[in-house]
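> Given next are the chains, with one letter for each unit.
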Amino acid sequence: MRKLSKSFSYKAISEALWQSNPVSKQILGICSSLAVTVQLKTALVMGLALTFVTAFSNLTISLLRNQIPRNVRIIAEVAIIAVLVIIADEFLRAFMYDISKQLSVFVGLIITNCIVMGRAEAFAMGNPPWRSFVDGAANGIGYASILGGVAFFRELLGAGKLFGFQVVPKGFYAAGYENMGLMLLAPGAFIAIALFVWLEHTLLKDK
Amino acid sequence: MERLISLFVESVFVGNILLAYFLGMCSYLSVSKNLKTSLGLGIAVTFVMTITTPANWLLYHYLLAPGALAWAGLPEMDLSFLKLVLFIATVAGIVQVLEMVIDRYSQGLYNALGVFLPLITVNCAILGAALFMVERRYTFAETVVYGFGSGLGWLLAIVAMATVMQKLRYADVPEGLQGFGIRMIVTGLMAMSFMLFSGITL
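These protein sequence lines are chains A and B, in that order.
The numbering of the first sequence is the numbering used here, which starts it at 5 and goes up by one.
The numbering of the second sequence is the numbering used here, which starts it at -11 and goes up by one.
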């Protein structure tokens, strides 16, 4: 039996989480990762939506890779991605209406998210379906991990909550502790992600 | 008229599409190293946005919105779920046509903007502006102003960033922050200063 750590899926996921994380290393898909990280809940839903779209767009494009003519491949890829995004968007609207209101246009903007296009172009066009599917899912998870990390700090510091539940004890406020309003605003997002990437770089270098 | 002016000021400064809504970050991060290219891309984005956002408004309100097909005898039709596909196709199509028109009639402009036009199709700011104008229920006039204002705001942000990056070359940045990290912090500080305009209401 092959070792788990030698299998392709394991390698793809660990690589996308650490060594070549799509957000912090390849700097792709920054747009949405900043906008939806005010709350942990929206960040995770967005991460899942993107994982779904990259995984299945990679799968579909990989299945069709020998049929798609090379010179119209971008249009074909965009069409496939757009269909998947519409499915994700309609699903959120039907079953998680509140969250979909908060995510507003950012679910739709998954279409132009460079991670999805990048993986379709760089990986799915030249690899068999199952590998492409795992690669897409791994990159989605890598993206979701950064989103989750940033949202954790922004919600904790900005609102004193996690998943909408109060975690900073009432006594702290009585003793003069205050929520950091900056974290909830746009500039806070930029600075939080910069500090997060700094932390990650430093941790990785020590290994 | 006052409403339009205040919308313009808002879309350029307070509600800057890049600094407050984080749209168009990808090309912003990859291009903002060089002042000249940033300016070129900024102008191209403003140009395309001013044309595509109103075009998408017309398409949305005469084809997709609930009840929009009443003129064709289909008053109950609601095709608004198709807006994502239609918008991205319109943007790609208009960019293609623009590229050909500019190439044919103005060689100088083509040399300046030509390289940037294909990049623009995947710029999320353009699609984002179209989606925002639907979500915020702008009228046609407001959409024209909003499209132009957002483009201008994006131009302002990317040019400002490029100039800051040139100065930053001589700064001693901590190792882990070099590259991506420091640019995010600079952008954050810039976003903060843009937010100061929020006191201005007309």
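The set of hints was computed from the structure by calculation and includes no laboratory data.
A couple of the hints might just be wrong.
Pair by pair, the computed Cβ-Cβ distance ranges are [as the list claims (entries may be wrong)]:
1) B:Arg92 with A:Gln106: 41 to 51 angstroms
2) A:Phe12 with B:Val161: 46 to 56 angstroms
3) A:Met100 with B:Ser186: 24 to 34 angstroms
4) B:Gly55 with A:Ile91: 17 to 27 angstroms
5) B:Ala60 with A:Asn70: 44 to 54 angstroms
6) B:Gln95 with A:Phe12: 34 to 44 angstroms
7) A:Pro133 with B:Leu67: 44 to 54 angstroms
For lysine to aspartate or glutamate, the following DMTMM-like pairs were computed, each having C-alpha atoms within a straight-line distance of at most 20 angstroms [said to hold, decoys possible]:
8) A:Lys165 with A:Glu94
9) A:Lys45 with A:Glu125
10) A:Lys105 with B:Glu123
11) B:Lys21 with B:Glu163
12) A:Lys209 with B:Glu163
13) A:Lys209 with A:Glu182
Some, not all, of what chain B presents toward chain A, calculated at C-beta under 8 angstroms [to be verified]:
14) Met65
15) Glu123
16) Ala179
17) Met183
18) Leu184
Glycine residues also receive a C-beta, built at the ideal position from the N, C-alpha and C atoms.
> Taking the hints in turn, state whether each one holds.
Hints, one by one, checked against the model:
1. For Arg92 (chain B) paired with Gln106 (chain A), a C-beta distance near 45 angstroms keeps the hint of 41 to 51 angstroms intact.
2. For Phe12 (chain A) paired with Val161 (chain B), a C-beta distance near 37 angstroms fails the hint of 46 to 56 angstroms.
3. At roughly 31 angstroms, the beta carbons of Met100 (chain A) and Ser186 (chain B) sit within the given window of 24 to 34 angstroms.
4. About 24 angstroms separates the C-beta atoms of Gly55 (chain B) and Ile91 (chain A), a value consistent with the hinted range of 17 to 27 angstroms.
5. Our hint of 44 to 54 angstroms for Ala60 (chain B) and Asn70 (chain A) is violated, since their Cβ atoms are close to 40 angstroms apart.
6. Restraint check, Gln95 (chain B) to Phe12 (chain A): a C-beta distance of roughly 51 angstroms breaks the suggested window 34 to 44 angstroms.
7. For the pair Pro133 (chain A) and Leu67 (chain B), the beta carbons lie near 32 angstroms from each other, so the given range of 44 to 54 angstroms is not met.
8. For the hint pairing Lys165 (chain A) with Glu94 (chain A), the CA-to-CA distance comes to about 29 angstroms; that exceeds 20 angstroms, so the pair is violated.
9. Distance hint between Lys45 (chain A) and Glu125 (chain A) is unfulfilled; the C-alpha atoms sit about 30 angstroms from each other, more than 20 angstroms.
10. The suggested pairing of Lys105 (chain A) with Glu123 (chain B) holds, with an alpha-carbon distance near 10 angstroms, which does not exceed 20 angstroms.
11. Annotation: proposed proximity of Lys21 (chain B) to Glu163 (chain B) holds, straight-line Cα distance about 19 angstroms (limit 20 angstroms).
12. With a C-alpha separation of about 11 angstroms, the suggested pairing of Lys209 (chain A) with Glu163 (chain B) holds against the 20 angstroms cut-off.
13. Distance check on the hinted pair: Lys209 (chain A) and Glu182 (chain A) sit about 34 angstroms apart at the alpha-carbon level, beyond 20 angstroms; violated.
14. Interface hint at Met65 (chain B): violated, since its Cβ lies 17 angstroms from the closest Cβ of chain A, which is beyond the 8 angstroms cut-off.
15. With 8 angstroms as the threshold, the beta carbon of Glu123 (chain B) comes within range of chain A, its nearest partner Cβ sitting at about 6 angstroms, so the hint holds.
16. Below 8 angstroms, beta-carbon pairs count as interface contacts, and Ala179 (chain B) has one with chain A at about 4 angstroms; its hint therefore holds.
17. Given the 8 angstroms rule on beta carbons, the hint for Met183 (chain B) holds: about 7 angstroms separates it from the nearest Cβ of chain A.
18. Taking 8 angstroms as the C-beta cut-off, the interface hint given for Leu184 (chain B) is violated, the closest approach to chain A being about 11 angstroms.
Checked against the numbered hints given earlier, this structure breaks hints 2, 5, 6, 7, 8, 9, 13, 14, 18; the rest are met.
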